[in-house]
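Visitor: For this one, chain A is given, so just place chain B on it according to the hints.
Taken in sequence, the protein lines are chains A and B. Going by this note's numbering, the first residue of the first sequence is number 1, and it counts up by one from there. Going by this note's numbering, the first residue of the second sequence is number 1, and it counts up by one from there.
Please note: incorrect hints may appear among the correct ones.
Examples of chain B residues lying across from chain A (beta carbon under 8 Å, computed) [what the hints assert, rightly or not]:
#	residue
1	Ile245
2	Tyr290
3	Met293
4	Gln373
Derived list of chain A stretches under chain B, where covered just means 3 residues or more per stretch with a C-beta under 8 Å from a C-beta of chain B [to be verified]:
#	segment
5	82-94
6	98-108
Taking lysine to any residue pairs in the SDA-like style, the calculated list, with each CA pair at most 25 Å apart, reads [as the list claims (entries may be wrong)]:
#	chain 1	residue 1	chain 2	residue 2
7	B	Lys602	B	Gly588
8	A	Lys81	A	Thr40
9	B	Lys54	B	Gly337
10	B	Lys611	B	Gly630
11	B	Lys415	B	Pro511
12	A	Lys81	B	Gly630
13	A	Lys81	B	Gly183
14	A	Lys81	B	Gln454
15	A	Lys81	B	Tyr17
16	A	Lys81	B	Pro182
17	A	Lys81	B	Ile177
18	B	Lys8	B	Pro511
19	A	Lys81	B	Ala542
20	A	Lys81	B	Ala350
21	B	Lys272	B	Leu204
22	A	Lys81	B	Lys272
23	A	Lys81	B	Ile285
24	B	Lys415	B	Met364
25	A	Lys81	B	Val174
26	B	Lys487	B	Gly630
27	A	Lys19	A	Lys81
28	A	Lys81	B	Glu624
29	A	Lys81	B	Ala103
30	B	Lys602	B	Leu144
For the record, the hints were derived by calculation from the structure and aren't laboratory data. Beta carbons are placed, not taken as given, at the ideal position from N, Cα and C, and that holds for glycine.
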Amino acid sequence: MAHDTHDIHRSRAEFEFIKRKRATEMRGQLTSFAMMIFLTLIAFTVVAADFSNYLIVPIILLLAAIQVVLQLYNFMHMSNKGHGMMAFFMFSGIFVAFTIVLTMVTIVWW
Amino acid sequence: MSSNSQKKGFGATIWDYMTTVDHKKIAILYLISGGFFFLVGGVEAMMIRIQLMKAGNDFLSAGTYNEVLTMHGTTMIFLAAMPILLAFMNAVSPLQIGARDVAFPFLNSLGFWLFFFGGVFLNLSWFLGGAPDAGWTNYASLALASEGHGIDFYSLGLTISGFGTLIAGINFLVTIINMRAPGMTYMRMPLFTWTTFVASALILLAFPPLTVGIFFMVFDRLFGANFFDVTMGGNTIIWEHFFWIFGHPEVYILILPAFGIFSEIFAIFSRKRLFGYTALVFATILIGFYGFMVWAHHMFTVGLGPTANAVFALATMIIAVPTGIKIFNWLLTIWGGNISFTVPMIYAVAFIPSFVAGGVTGVMQAIAPLDYQLHDSYFIVAHFHYVIVGGVVLAILAGTHLYWPKMFGTMLSEKLGKWTFWFFFIGFHLTFFIQHFLGLMGMPRRVYTFGADQGWDLFNAISSAGALLMAIGVIILLVNVVMTVVKGERVGNDPWGDGRTLEWAIPSPPPFYNFAQTPLVRGLDPYWIEKMEGNKEGMVYAEPLGDIHMPNGSFIPFVISLGMFIAAFGAMYHMDGHVWALPVLIGGLAITFGSMLVRSLKDDLGFHISKEELIADNERIQREARALEGGKKGGLK
Chain A
1 MAHDTHDIHR SRAEFEFIKR KRATEMRGQL TSFAMMIFLT LIAFTVVAAD
51 FSNYLIVPII LLLAAIQVVL QLYNFMHMSN KGHGMMAFFM FSGIFVAFTI
101 VLTMVTIVWW
Chain B
1 MSSNSQKKGF GATIWDYMTT VDHKKIAILY LISGGFFFLV GGVEAMMIRI
51 QLMKAGNDFL SAGTYNEVLT MHGTTMIFLA AMPILLAFMN AVSPLQIGAR
101 DVAFPFLNSL GFWLFFFGGV FLNLSWFLGG APDAGWTNYA SLALASEGHG
151 IDFYSLGLTI SGFGTLIAGI NFLVTIINMR APGMTYMRMP LFTWTTFVAS
201 ALILLAFPPL TVGIFFMVFD RLFGANFFDV TMGGNTIIWE HFFWIFGHPE
251 VYILILPAFG IFSEIFAIFS RKRLFGYTAL VFATILIGFY GFMVWAHHMF
301 TVGLGPTANA VFALATMIIA VPTGIKIFNW LLTIWGGNIS FTVPMIYAVA
351 FIPSFVAGGV TGVMQAIAPL DYQLHDSYFI VAHFHYVIVG GVVLAILAGT
401 HLYWPKMFGT MLSEKLGKWT FWFFFIGFHL TFFIQHFLGL MGMPRRVYTF
451 GADQGWDLFN AISSAGALLM AIGVIILLVN VVMTVVKGER VGNDPWGDGR
501 TLEWAIPSPP PFYNFAQTPL VRGLDPYWIE KMEGNKEGMV YAEPLGDIHM
551 PNGSFIPFVI SLGMFIAAFG AMYHMDGHVW ALPVLIGGLA ITFGSMLVRS
601 LKDDLGFHIS KEELIADNER IQREARALEG GKKGGLK
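The following block holds chain A by itself, in its conformation from the complex (with noise of 0.2 Å):
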């Protein structure tokens, strides 16, 4: 079971397809990187330039989260098959945690 190993004999166009599949996993890889260095600037320029608090907060919490979804979908492999119910996991989780925070600063404690 578990521990059987199998060699793995591809052909030239299955082989072809992976290579083609892993370059364009590697594009969106550094795409999203470059995005994510961007992103970073962007919070920098924000604390730098000395908006208002309650413009800052807001936008570096927004950029985090952007963060996390890049992150998740293009470094841990969330973007690939089979990965459905773990995403499904996660959202309802998410889902969970933000309407309990949610309710509790606005209905129960405002």
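Guide: Relative to chain A, chain B alone:
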């Protein structure tokens, strides 16, 4: 490795169970220890009813009453109901999806031993200066004021056993996602596996808030923090939020597997496919989701304000919809079925009206203004005993009868089972129905006595009489178990004759590798499909016979849990300034982390069962099956 037919000595058997990572043996461990705690909680319940049997009784002092009441609730929820359900999940759901074991057999064993030591730690409080006495909800203002170590036993014990439950939940999630046999799609999974799955997801999301809350409690009580201390700027209400964000999903963690067991029973003993399988699945998922959005309905009288109360009242009422869908689907499964009233089926049929009664009073309490009247009265006690006993405990008793042959290879007596049922069922309604009226007459819950001039004497006496009947029912069940074990009449694969799912296609109890060949699932109720098509083997196979890789047993889970058990004593007595406490704390943690290190560094690759051994074992199984058929006919028919 086909040595499982050999006779073993008593010591060897004990050692085998202490080191086992086999889900079927862990199921038996859960059943035995959960059953033991069920009896402990039952004795506590009897003490409560004896104390309240007449006005001004002095059987228990006020303080002892608080302890008994707290331990009754805590034991029944955390140490009895959940472990017994975990026993069935372990015993049945890997078989239902055609898996050879759970995804992480080692963690499965670790989960059990953590629960076990947590439970033992909690109950040792009786002998070490007094049990917790702030109610199973352990509200912070009461808990922080509680003297002695009772509350510390509660918080440390539940931390340890909570780890175990969390591990078990994650294990089942991974198992059900990854280890389904070929063809076993999500929408072909038996309902019990579905409810196991959703309940495990609830465990995953609900236990962390409890852990956080308990951590705060431990720090407040043992290390001088002030999370809940209002005089120091803390907030005592936060505990209630933490507790109920966990606590409400917790009741669904209990009831969903119960629904799963009943779904199986209705289909088997009506000889019909479940009516509205898809609706049942989606209702299960919906209940899981809604379970997280209703916690503040336990806190209507805290003073959250009309907006919060209105929102939570509505959210609570919505839950009645998927539950109602389930009830109707079960009724329509029975309707027109070829019904046989075996013991499990009787429990299932009795469950419907009992649980609906509990549900209806639940919707009554969802109406926030009415809840101001009902809050902290016996009406609430009646309500939650109707859903927990009328739902979960009936499911546990039904499941014990249904799955006993699969777990132990023998059949519980139907005749004694019916006696248990009638005593328990009548006793249950006698005890709790009348408590609705006690509540409406103003009797508050959690008080240790009442006056003769309050007019509650007769109803309380009736309630106590009912509790006695329930106790008789449970004693008959114990007699039944002992007689069945002593007689030891073996039964075949499908002792009920109408099994539908994969677990009934293999011997009872199954061989330790479950399936010699992984089955191929061709639809919902795979075993039923094969039977209907005249397949004598009960399965078609997805793979040729080959070597099977199995995990080795391990003593490490026991040692890891023992270390935490020891460390908990150190943490607790550290507060009193004992010099030995700190070394005990560190030593316990060293045992735990040391054994984790050993586990990480030492490779344990398991072993293989060879094809020849499988063939030999299969011949033995065939021989036994023939002997069974030739001799006395096993099972019902």
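Visitor: Please go over all the hints and tell whether each is borne out by the structure.
Guide: Hints versus structure:
1. Ile245: Interface hint status for Ile245 of chain B: holds (6 Å vs cutoff 8 Å).
2. Tyr290: Check failed: Cβ of Tyr290 of chain B comes no nearer than 11 Å to chain A, outside 8 Å.
3. Met293: holds (6 Å)
4. Gln373: violated (23 Å)
5. 82-94: holds (count 4)
6. 98-108: As far as the segment 98-108 of chain A goes, the hint holds, because 6 residues have Cβ atoms under 8 Å from chain B.
7. B:Lys602 - B:Gly588: Measuring from Cα to Cα gives roughly 21 Å; hence the hint holds.
8. A:Lys81 - A:Thr40: violated (29 Å)
9. B:Lys54 - B:Gly337: violated (47 Å)
10. B:Lys611 - B:Gly630: violated (29 Å)
11. B:Lys415 - B:Pro511: Violated: Lys415 of chain B and Pro511 of chain B sit about 29 Å apart, past 25 Å.
12. A:Lys81 - B:Gly630: Not OK: Lys81 of chain A and Gly630 of chain B at ~52 Å, beyond 25 Å, violated.
13. A:Lys81 - B:Gly183: holds (19 Å)
14. A:Lys81 - B:Gln454: Not OK: Lys81 of chain A and Gln454 of chain B at ~68 Å, beyond 25 Å, violated.
15. A:Lys81 - B:Tyr17: Given pair Lys81 of chain A, Tyr17 of chain B is violated - Cα atoms ~40 Å apart, limit 25 Å.
16. A:Lys81 - B:Pro182: holds (18 Å)
17. A:Lys81 - B:Ile177: Distance ~14 Å between Lys81 of chain A and Ile177 of chain B Cα, so the pair holds.
18. B:Lys8 - B:Pro511: holds (16 Å)
19. A:Lys81 - B:Ala542: Holds - the C-alpha atoms of Ala542 of chain B and Lys81 of chain A are around 23 Å apart, at most 25 Å.
20. A:Lys81 - B:Ala350: Not OK: Lys81 of chain A and Ala350 of chain B at ~46 Å, beyond 25 Å, violated.
21. B:Lys272 - B:Leu204: Not satisfied, since the Cα-Cα distance of roughly 34 Å exceeds 25 Å.
22. A:Lys81 - B:Lys272: At roughly 37 Å apart (the allowed maximum being 25 Å), Lys272 of chain B and Lys81 of chain A break the hint.
23. A:Lys81 - B:Ile285: The hint holds at about 24 Å.
24. B:Lys415 - B:Met364: violated (38 Å)
25. A:Lys81 - B:Val174: Roughly 17 Å between the alpha carbons, so the hint for Lys81 of chain A and Val174 of chain B holds.
26. B:Lys487 - B:Gly630: Holds, at roughly 19 Å.
27. A:Lys19 - A:Lys81: This hinted pair holds, its Cα atoms lying about 17 Å apart.
28. A:Lys81 - B:Glu624: violated (46 Å)
29. A:Lys81 - B:Ala103: holds (21 Å)
30. B:Lys602 - B:Leu144: violated (44 Å)
Consistency note: the structure conflicts with the earlier hints numbered 2, 4, 8, 9, 10, 11, 12, 14, 15, 20, 21, 22, 24, 28 and 30.
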